[in-house]
Amino acid sequence: MTDPSPRHGVVQSSVTPGVGGVAAPEGAPPLASETELAYEAGVEVKARSQWSYARIRFFRHKMAVAGLVVLIFFALVAIFAKQIAPYGFDEIDLDNIDPTTGLAKAPTLEGWHIFGTDQLGRDYLSRIIYGIRTSLWVAMFVAILATAIGTAVGAVAGFYGGRVDNLLMRFTDLILTLPGLAVLLTAAVYLGSNDSEVTLGPLAFTIPQPMKIGLILAFLLWVTLARIVRGLFLSLREKEFVEAAKAAGASDLRIILRHILPNCVGPIVVFTTLITAAAILIEATLSFIGYGIQPPNAALGKLIVDGQSEGFTLWWLVVFPGLIITLIALAINFIGDGLRDALDPTQRRSR
Amino acid sequence: MFQFVIRRLLYSIVVLFAASVLVFTFVSKTGDPLAPLVLNPRISQQTIDNVVARKHLDDPIPVRYWYWLKDATTNQFGTTLLGDEPILPDLWRVMKNTMQLVIIAELLAITLAVFIGVYSALRQYSAFDYTATTFSFLGLAMPVFWFALMLQVSVVYVYQWTGNNIFPIASLSSVDPGSGISFWIDRAHHLVLPVIVLMVASIAAYTRFMRASMLEVVNSDYVRTARAKGLSEQKVTMKHAFRNALIPMVTLVALSFGAILGGAVITETVFSLDGMGLYFITALGQNDPYPIMAWLMITATMIIVFNLIADVAYGYLDPRVRYD
Chain A
1 MTDPSPRHGV VQSSVTPGVG GVAAPEGAPP LASETELAYE AGVEVKARSQ WSYARIRFFR
61 HKMAVAGLVV LIFFALVAIF AKQIAPYGFD EIDLDNIDPT TGLAKAPTLE GWHIFGTDQL
121 GRDYLSRIIY GIRTSLWVAM FVAILATAIG TAVGAVAGFY GGRVDNLLMR FTDLILTLPG
181 LAVLLTAAVY LGSNDSEVTL GPLAFTIPQP MKIGLILAFL LWVTLARIVR GLFLSLREKE
241 FVEAAKAAGA SDLRIILRHI LPNCVGPIVV FTTLITAAAI LIEATLSFIG YGIQPPNAAL
301 GKLIVDGQSE GFTLWWLVVF PGLIITLIAL AINFIGDGLR DALDPTQRRS R
Chain B
1 MFQFVIRRLL YSIVVLFAAS VLVFTFVSKT GDPLAPLVLN PRISQQTIDN VVARKHLDDP
61 IPVRYWYWLK DATTNQFGTT LLGDEPILPD LWRVMKNTMQ LVIIAELLAI TLAVFIGVYS
121 ALRQYSAFDY TATTFSFLGL AMPVFWFALM LQVSVVYVYQ WTGNNIFPIA SLSSVDPGSG
181 ISFWIDRAHH LVLPVIVLMV ASIAAYTRFM RASMLEVVNS DYVRTARAKG LSEQKVTMKH
241 AFRNALIPMV TLVALSFGAI LGGAVITETV FSLDGMGLYF ITALGQNDPY PIMAWLMITA
301 TMIIVFNLIA DVAYGYLDPR VRYD
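First to last, the protein sequences are chains A and B. Each residue of the first sequence is one higher than the one before, counting from 1 in my numbering. Each residue of the second sequence is one higher than the one before, counting from 1 in my numbering.
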């Protein structure tokens, strides 16, 4: 296999890249004479791959590390929602309603209602925990799907060029010219507010309603990534190492996957974080307008709109779910910023 | 250049056609717009049949699309499904309202963002820069509707504590706004909160962009040359750096302005402002394809026109750009 020679400014590695630039260090690259001198002087020289440099740069970005910690925390909360939530998502307890004023409990330490309760006496902390679970699940689904589609389309368009490229790019043009939110909303109305039974030949399966929202979001969000990947492929396919791979008889698929794609990992990973943050915010917005995730599924946006309908006097119903959404989106954005610094050393640090 | 514009416009017609087919099918296939009529016992079957006959609801969707296309091109987008009211006058009214909101918010946002972005870039890593960066990250991470609701909640709480209603939290005018100057004062009072909401979202994005663009220019070779030949610092930043850093900003502003003219859907919904965005949401709730289609055509045209303006302006401002 012809390994691409390390070129300035492009993060590349022959090991499978892990998200976040965390991957096992490679074997020692050929050492320069400086290292030999250092060795003679008794200084131990550690071989570092591109990836361990990326990791060091990432962990130097304090906000990015903080973002990672916050995101991991929320991910754990989402995964262990059942174990963590002090009450059930729909557990009604009318004892939580003040008999004289008829109002729900404000945040209190008593009974662990630290986020208060709603007008049916349901514990708001538990409702939010289940909401985080749905939101993160949808965001992850969108990120994976949109990244996969965007990378595939961009790679094919950029590598083959010509008519294929033209057709695919006109299609991305079409999606970019549409008023995004309007298309999202009409599509959400079209797909309905229930789970769908889908039969594909012998296969029959259920698409849960949140997944449908995820599908719509992914359909709109892959486009920009496809254009970025296409641009990278257009320039990389002219490089000598691709020519060398062709001369060695590598198939198109092998050249795309093993030779060009690893050089695009930096921008793709950075853009995936942007997609994830966007997905969380758009999903919350859709749920807020009423065309997003439907009950009985929990959703942070839905919690906010329900809280709003209580007439603004129960502030905690509006404040806390929004605060959580902001925190998650902020954490993801900072991680993205750190990844950009770590994976794309050519770009001037514009932090 | 001329050829470029013509080709883009021809392509836009294809885009508009594809978009209209897509959305018409979506909206027509969902829900039953006649449901409120059927449920109402005071409306006779005859009335319902009339609506069905007038809008050809019994025909297959492609045929109905054809009727819509004829209405849209020869009859000013036709009429609404249930009330048979002309669509265009309503659309003009909401468009005027949206324009007021959007133009004020965008102008303020651009002015502030350019100032903050440039200053941040010139004093990179200063306290000002860090503060600005933190706030723009916050602005980008906050859901717009939540920020709007928080403002409303604060206004309500201020009212409960002090008895003062500092800002109206819904609609564009008071019940009896008066006329002349007092009408416009009343309107401005109503627009304060929505403008703040729209501004915060835009400022965050524009500031980040302006800062990055300015940083790139400040560190470029020709700015170093300008310094090296002994120009004053003010001349270097204002004449050489700033003017070039604005070029990408023009593109960004044109692009987002085109998109935002379709109505600040979220802001208008939260504050119940009678604008394009709320018009769309209302029509969507009624399953009425005709206002939605009219809205979509106007909005998509705006986006296309402003995209074109952005490209042409870029080519004009930056002579290195070539159209192929």
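Worth flagging that the hints you see were computed from the coordinates, not collected in a lab. Be a bit skeptical, because a hint or two may be false.
[Stated by the list, open to error] Facing chain B, a subset of chain A residues (Cβ under 10 Å, in silico):
#1 V69
#2 I72
#3 L168
#4 T177
#5 S196
#6 L327
#7 I332
#8 N333
[As the list claims (entries may be wrong)] If the Cβ cut is set under 10 Å, some of the chain B residues that face chain A in the computed set are:
#9 L88
#10 M150
#11 Q160
#12 V265
#13 V270
From the three backbone atoms N, C-alpha and C, an ideal C-beta is built for every residue, glycine too.
Against the structure, the hints:
1. V69: Where the cut-off is 10 Å and the nearest Cβ of chain B is about 16 Å from V69(A), the hint is violated.
2. I72: Not OK, violated: I72(A) not within 10 Å of chain B, min 17 Å.
3. L168: Cβ of L168(A) sits 15 Å from chain B, so the hint is violated.
4. T177: holds, 5 Å
5. S196: Where the cut-off is 10 Å and the nearest Cβ of chain B is about 14 Å from S196(A), the hint is violated.
6. L327: This hint holds: L327(A) lies near chain B, its Cβ roughly 8 Å from the closest one there, short of 10 Å.
7. I332: Interface hint status for I332(A): holds (8 Å vs cutoff 10 Å).
8. N333: holds, 6 Å
9. L88: Violated, because the Cβ-Cβ distance from L88(B) to chain A comes to roughly 19 Å (cut-off 10 Å).
10. M150: OK, holds: M150(B) within 10 Å of chain A, min 7 Å.
11. Q160: holds, 8 Å
12. V265: With Cβ-Cβ at 5 Å, under 10 Å, it holds.
13. V270: holds, 8 Å
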